[in-house]
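Asks: Here is how the chains run, residue by residue.
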Amino acid sequence: MRVLATTFFIVLALVALDGGLSPVSFSKSAMAVDAAQAAGLDIARVHAPNLTLGDYPTYRGLNSRLTVWIAAQLHLFFAAFVLGVPIFVLVIEFIGWRHSDPRYDRVAHEFIKISMGAFSLTAAFGGLLVFALVVLYPGLFAYLASIFGPIMMVYAVLFLAETGFLYAYYYGWDAMQGRRKPAHLLIGLGLNVAGTVLMGLSNSWATFMMAPSGIDAQGVFSGSVWEAVAGPLWTPLNVHRFIANIAYGGAIVGAYAAYKFISARTSEEKAHYDWMGYTANGIAVMALLPLPFAGYWMTKEIYAYSQQMGITLMGGLFAWLFIIQAVLIGTIFLAANFYLWCGMNRLDGVNRNAYLTKYIAGVLVICFLVWFTPHTLVMTARELGSIGGAYHPVLGPLGVMSAKNSAVNIMILATFLTYQLFRRARLRSAAPWMVHATRLQVALYAVAIANIVWLGIYGYFVPANVRIGLSVPQVMTTILVIVSCVVVDEVIAFRSQRVGTIHWGRMPVRAQYALFTLAVAFTWLMGLMGYIRSSIRQHWHVYTVMRDASADAFTLTIGHAAAIVSICTLFFLVLVLFVFWLAGFSSTQAVQRAPLAARVLP
Amino acid sequence: MSGFLGVTTYAVGLISLFTAFSYYGIPQLVPEPPPAKENSTGTMTTEELVAMGSRIYARACVLCHSGVGDRAPKLDAIGTVWRERTRDVRYRGSARTLEDYLRESMLEPSAYVVSGFGKPGTNDAESPMPAAATGAMALSASEINAVIGYLQSMAGDKVTVTLLPDPVDRAKPSAPASEPSVAAKAPDAISALRKFQCDVCHALPKFPVEEGEQRPGPDLRGIWKTAGHRVDGMDAKGFISESILFPNKKLAQGFEPDLMPNDYGDQMLVAELQLIVDYLAQEH
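Going line by line, the protein sequences match chains W and H. With my numbering applied, the first sequence closes on residue 717, and no number is skipped along the way. With my numbering applied, the second sequence closes on residue 365, and no number is skipped along the way.
Read the hints as simulated data drawn from the structure, not as lab findings. No residue lacks a Cβ here, since even glycine has one placed at the ideal position from N, Cα and C. It is possible that some hints are incorrect.
Below are the EDC-like pairs computed for lysine to aspartate or glutamate, each with C-alpha atoms no more than 20 angstroms apart in a straight line [claimed, not checked]: (1) H:Lys155 <-> H:Glu185; (2) W:Lys415 <-> H:Glu207; (3) H:Lys155 <-> H:Glu207; (4) H:Lys287 <-> H:Asp300; (5) H:Lys200 <-> H:Asp169; (6) W:Lys415 <-> H:Asp205; (7) H:Lys200 <-> W:Glu416; (8) W:Lys228 <-> W:Asp289.
A few chain W residues facing chain H, derived, Cβ under 7 angstroms [as the list claims (entries may be wrong)]: (9) Tyr374; (10) Ser378; (11) Ile673.
For reference, chain H alone in the conformation it holds in the complex (with noise of 0.2 angstroms):
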């Protein structure tokens, strides 16, 4: 009997040490919830957009993408290297911007492997990313829109995402009374443009201007032309959302800096911002 005893007190003294070294010699870190979908409500404004995309990637992506940049590439100098990778003639893709080269990326990350970071055995041929809007990650594509607008926040290069409110949003009869207190949402670009006073400074395709009428700002009606090919490398959606954000970086010839309110970005909401870039960009 004092053998069983002494076994059994043996055991649960074992036990008990191991358990407590469990709770004592090692960090109780919580654990985070399973992720729920980030939704984007067509209302966010751009400073909105990249702090969900900063939450995404610390879910999605930091693990891997960490500071350290041993197990996947890091993706401090992103703006620049884009440019160098999208060149080797290893590149497989067809990205002519940083947000099509990062959206790619995330798609199809076989597309260009950075040296050193391939599959074992496939010569940097292949990539162990998983796609992102696929499997365990299964990013919507807004949440991927996010995650690019946050990267090319980091980078500090310009946010140039697009991004259309989820379908779930769109039935939605409107926006929950907890979202940022905005001014309705314009429905179509002609709103949009009325709504921010566009036409006060600017000519614009389809509003009315009388004939030899000068205007403070350059006269848009004919940018879908010339956009792509002001700055090298950015198409004309990319120019002329960077031009509304950052109105200073690029200016037309004969025009001052600091004409054009440097604000839009915290008063548009993404939605809205793709409308008007949309609109200016195609023909009329």
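Next up, chain W with everything else stripped away, as it sits in the complex (with noise of 0.2 angstroms):
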């Protein structure tokens, strides 16, 4: 897997790069030797420097570390969402171009428009962001350039080309319907794959930031630079990205639907925006599912590239984040659940299925509460004797990661139930193979929870390599039953007939506020993962070979961290409100048009 996703991602930049990033055009990078001598660096050897308080300009009172850590979040928000956006509209586009059906191609343009004001946003964070490295962190911009200097020139210009596909892309959208539309899905495609390489140049500097490769132990860089940017987390990073981008465009997306829905005044907007946030959260959710394999993925890398830094994540002071981590996600999980859970009434009739929703409930709290149980726990003197131990006796054992990855497969299956019972709904058949394939279906999930169990069981009492071996044949479990189901389901649906209509509308508005819990803890869980990413280099700008020598080199308290990324969570949220607002301000004009071009015509 790892293979294929590496090589993917080469490819691609490959193929931007047209080749041109050899060691002899890096060395003469005129950025690269600018930067290098504006910060006294020895161009012949540039080594990492070893910085001191003075190499730290202050201006007016400005807190380094924060201006540029708001500046990062609201750039990463943004830049995830107008990557994940074009992802999901490209193959929603493509549905309703192979089926001919103009509701996909009306909500892929709808979806693509809420993306056009938040790209200008994206490139507006993003120039805040380089700007206040520059003035603040020089030292640290100008090694970063040294290295980088030829990613950052082809960032720039793949900047300049996914802009031109945005906006062939959107403003071509009318006029290339019909026999246009290959060219204009083939827009789309060069749009995803711009934006997709954008992400991986991007990447490589945050990746070499935590794991540097291609430089000696005191930060030689060895001329390679594709050495420097495929360093040991880098594919973990871009596949964990590429899949959080969709969940989370799919979120945000689900929240202007929610929105849309409430404000709604006919029953034919509720009807769409019902239809269009059914569509988001779908897509939010199924991207979700295999997120938490990507997150294993990226923590066994950085165990495998550093075991001190893996268990200083998660073992350490860092581990209680992911108490609060588990907090958000499984907000996410019965948000997400939640709302499907409200769908059930569009259908006509009572849903036979509807009864086992309060076990799935059940199941998802009780796998929360597993999740959510700390382990190791850092207490005083005093609550250690009144405890007895370090773990608590009876919780402690849910604490390892035995239980929580149990908990978490469980979960998920939990999800993927609820899905495919809204899908099974309306499905009838009298053949007898259908009642078979069904008995079929509920076969797997039991044997696929009773071995995720077990192996849960079994981790227990085996040393932690193997322990966290067994998160493999877990993880394949669980995919096996929704690859399985999903088939069987595809045949059942084909043989079957459908009976009753949906009426898309019929969603209480309790409903849309899960849809907006998903967003805002979506934003959340992304503003902290991204906290805990960046600061697990502790003390160090570039892990293990320049060191932070600024005031603000300390680790902050969990409070004041969560404030932080609360501030950049709100701040987000108003601007993406804004964003909204300007996609409203758009369909009211053409809402005006359609009058007057009506009058004009016979």
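Could you use the hints to bring the two separately framed chains together as a complex?
Replies: In structure tokens form, the structure reads like this:
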């Protein structure tokens, strides 16, 4: 998988760079030389500078770390959104084109319209981030530029290309219907390729700072820019962000649909935005399901790179942040499932499977509590004495990864089951094989859950390195069930009749708030995980080779960090509401033009 | 408008909830500040050296080498298990003493990997532990020595580390006023031996001794030849160091216990101890 994923990103990057990144071209990079000279570095042998407090300019009392943090976080929020949305827009547009269904085309167009305003804000915060880095962290920026200078230039060119693709894609939407649709889809593909490569290139800077490659122990660059780019964490981060962007894009668009649903005045509008919200929620949930596995892979690679970093991440101070993460992901799972359960009301009559939702809810809550249980507690001596050890005597065993891995896999299966029940509710078939197929699915679920739980229990009796490896068969079990059930469902759907209708728009308002919960929790979660990923370097700009000598090199308390994440989330949501307003403003004009055209036409 | 207000209020409420949980539902631990380099000044007593090692150990080692032993091997019994490990067929190092073994484990962690603690897929041939002198830890020579001293002390073993002041400290004109109020450090071995009046009880190399003169303690002029063979697995420097710090532990034949003061560990600076040990362990 790693080889495939790495190859994918390298091919994308090679296509974009057109093979222009030889070590020679790098060493003559004017930008790198200028940056290095500005920082007083030896051009012939640029090593990681040994900075002192005086190397960090201050500007009118501005807190350098907070400035860069907030600029970077807002840039990443918007970037994730504008990179994620075009991926599923292209897929939806393609489906609409192949099935000649204009609903898909319309909703895809509306999705991309929302991201247009966000695109400008992405660029604005990206610019702010670069200026903040150059002004406030000149030594770090100079060192990074001395290595990644050519990549930065390519990034700028690709950004222009992405802009061109996006404008052509959006503004050419109506003009490129019918026979021109394939060309339009190609432009969309170009937009996604450019966006994905951009993400990969910028990821390489972040992963270089976490797990530097292509340099020696003193930070002296080997000359091979690919070695610096393709570090040990590059591919896992690319995959993780690629999937997360889709989930995040789905969640934000879902919030837009919810907002429009609440504001809608006609039943047609409500039906449209209900369907849009359902589609967006589906995208977010489907992308969410593999996300924990991508996270495991990323963490496993962190451990493989540096066990010290891995243990600091999962067993030290940062471990408490994963309890907050559990709360957020639990919120996301519960909100997504709640929305789906509310969606049962759209169906005619009584859903024969509706009674299962309370059991699914129970399973989700139990799994959430297991995931939420901390393991290694940092306690005072008195607390230690009253508990009787470092771990809680009863709940302590639930805090280890064996239990948590089992819990998250079962949560994923429960969420998938909710989706499956909704899809199957309208299918009717008298064929006896359908009963057998359904029983086969039930048996699959039962065997899979038994296997996941058994592997979890087995994990308590084997060494840690074996225990970590058990997550792979657990994940494979979950994936096997999902894929098998999808295949069986498709066969059943193909041979069955659909009874009743789905009444789009027949959704309670509280269900729309579940979509908002999804968007807010996703945003907060992204901010938190971004903080964890970045701060795991602790007092290093570039881990092990370039120390952070600034006054802000210390690690924050959890509450302090959470407050900054909240500020970023609030700021982002305010700006997103502005983007929603912009999107609504343009549709208002479209509505006003229509009657005028109707009067003019014969 | 009411929809907008409702949505905004809900979002702010939810964010406040997450923030409040992070503040009040999670312990607000204050992380340690970025580690500063701990330098030996050359005027430390053994206890101060061990204390320095303890601080470094708590900062750099204990997260993995905790008392639980699930992330990295426990070190509480290192004083005894090291011998078994160096006899193991998988051992690829060359340590003959505990000090050597600890140093080797810190600088070349893969010289011996305790079973079950190797990198996955290496069959315990490669340690996941980073070398202590490089990377994120990047301990200086004196910091490594201090940690070794602490581990020796923790294992109930003698502290045998030989510590030289860090280069940066050698350049200092004098010790800071805040340092322990001990007498000025002896500049060389002869001065150190005189400072602690070793020559009063022992015949020492290059010290005047009259023919046939008997002193209360053993003659140390030939100790460089015998010290390395007195205790199995202990080299000459280790034996001399132990004999100074714990004089009753291994008595020379014909000498009674408690004749020699046993508080030199408190009186001597580490650098002075090293000067004396080095002096006695070499041929004159």
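Asks: All the hints need checking, so say for each whether the structure fits it.
Replies: Now for the hints, and whether the structure bears them out:
1. Straight-line distance between C-alpha atoms of H:Lys155 and H:Glu185 comes to about 17 angstroms, which keeps the hinted pair within the 20 angstroms bound.
2. For a cut-off of 20 angstroms, the pair hint linking W:Lys415 to H:Glu207 stands: about 17 angstroms separates their Cα positions.
3. A hinted pair counts as satisfied when its Cα atoms are at most 20 angstroms apart, and H:Lys155 with H:Glu207 qualifies at roughly 18 angstroms.
4. A threshold of 20 angstroms between alpha carbons decides the hint, and for H:Lys287 with H:Asp300 the separation of about 12 angstroms falls inside it, so the pair holds.
5. Straight-line distance between C-alpha atoms of H:Lys200 and H:Asp169 comes to about 19 angstroms, which keeps the hinted pair within the 20 angstroms bound.
6. Taking the CA atoms of W:Lys415 and H:Asp205, the gap is near 18 angstroms; set against the 20 angstroms cutoff, the hint holds.
7. In summary, the hint linking H:Lys200 to W:Glu416 is supported, as the alpha carbons are separated by about 12 angstroms, within the 20 angstroms threshold.
8. Annotation: proposed proximity of W:Lys228 to W:Asp289 holds, straight-line Cα distance about 12 angstroms (limit 20 angstroms).
9. Contact between W:Tyr374 and chain H, as hinted, is supported at the beta carbon level, the nearest pair being about 6 angstroms apart and thus within 7 angstroms.
10. A least Cβ separation of about 5 angstroms between W:Ser378 and chain H falls short of the 7 angstroms threshold, and the interface hint therefore holds.
11. Restraint check, W:Ile673 versus chain H: the minimum CB separation of about 5 angstroms is within 7 angstroms; hint holds.
The structure agrees with every numbered hint stated previously.
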